[in-house]
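Peer 1: Sequence lines, in order, name chains A and B.
Position 54 of the first sequence, counting from 1, maps to 54 under this note's numbering, and the rest follow consecutively.
Position 10 of the second sequence, counting from 1, maps to 1010 under this note's numbering, and the rest follow consecutively.
Keep in mind the hints are simulated off the structure, nothing from the lab.
All the pointers check out, no bait thrown in.
Examples of chain A residues lying across from chain B (beta carbon under 8 Å, computed):
| hint | residue |
| --- | --- |
| 1 | ILE217 |
| 2 | SER243 |
| 3 | ALA245 |
| 4 | VAL248 |
| 5 | ILE260 |
| 6 | ASP264 |
| 7 | ALA268 |
A quick note: this is a predicted structure, and the numbers were derived from the prediction, not measured.
Ideal Cβ placement from N, Cα and C applies to all residues, glycine included.
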Amino acid sequence: MHIRFWGTRGSLPVAPHASTIAEKVSRALFAANGRSFASEAAARAFVEGELEFAVGKTYGGATSCVEIDLGAGPFVICDMGSGLREFGLDSLRRCNAEGRPQEYHFFLSHLHWDHIMGFPFFVPAFLAGAKIVIHAGHADAEEALRRQQEEISFPVPFDWLKADIAFRTLETGREYRIGRLDVSLIEQHHSHSSYGYRFRDDRGKVAVYSTDSEHKIDLMHGEADVVGFFEAADLVVCDTMYSLADTVSMKEDWGHSSNIVAVDLCHAARAQRLALFHHEPTYSDADIQRMYRETIRYEELTRDDAPLEVICAHDGLCIEV
Amino acid sequence: MGSGEIAWAFEERGNASLVAPAGRVDEATAAEFAERLSKFAETCRDTMILDLEGIAYMSSRGLRALTLAQRRASECGTTIVLARPNPTMREILAISRYDRIFTVTETIEAAQDD
Ligand SMILES: [Zn+2]
Ligand SMILES: [Zn+2]
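Go ahead and model the full structure; you've got the sequences and the hints to work with.
Peer 2: This is the structure we're talking about:
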């Protein structure tokens, strides 16, 4: 399966200012140091090969939306952050090009605004003939989605959507067969609760989506459950919004976790890969890149045996699991 | 994997207590580390100097234990100071930003003066 990241930012969408782009271009030109390029492709190769990520690219600013792409059958999407708008359009392109059915299976971590705000802009929901099943650990998922399309918030009411939309509440402690995936969920510490999902495809590959999850300092003994849930996963997408110091001081009880607790949990679970996710909206690209490098270093320093590969999710990233 | 146990030394130095654990604080030893450290934090001196010289490295569980110990210590006005971290521990304190919520010193004397 492929994991496509359509939105990776935490809490609030962000967009670069004109000055941010001017700064990147200036740094790139300075790094090129008078070199000339025979073609745009040659310039692109320089950007890809020699510029650091934060200079040549951006981690993006859309909020949580991650696709589990099985290449065929219904689309599988975790969360409906602002990244969902672009996914919706791309999925229709794929339906046309590849003849895939307009069928969508959503899995919601929770109902906070940054995780559902993309739904009113999800074009397939407006199409008669499209089929949408929204899975959630929360029984009030429908209420949350209807409420954000009430007149005071949005011009198009939920009932005007033409797609066939169904809601399904899932329980923890059991495994479901949904589409071509085995799916289970775990409850996480977060305001109004959140749920992590574990997906296993028919080849036995496992991807875990665990965002907006606080690993509380006075409940460390309870982390065995989380380690069990991450066990031997090929990929774990983790909320790494804050530094550890922030999670035990000013931002304690804000419902998020740190890069280094994510590494420790993945080490304990013998997971293969960790994707840093739900990036702090006040972070610049340089800040996220620094956090990424520090996380790689922490993993090296605390590694016991098999290495854990750390990647940093960004909008537009697609990885094979 | 063979992390063994943590050995502890304790002494009193004027208004400070000096606690010196030795070993690796990882998933296997973190619970015991947290428990012992919180007990030492109840000795109620102005300062509790945690001598990190003998600590090879510490995972987030060890770091979180430091915070729990500091909360216990705060109940009688004690501040925990981290002294003599090795280069690995220094890096971990920086990456976790724990060097912003704890005072970190090069020597035990510097911790005492703090
Ligand atoms: Zn969020
Ligand atoms: Zn949330």
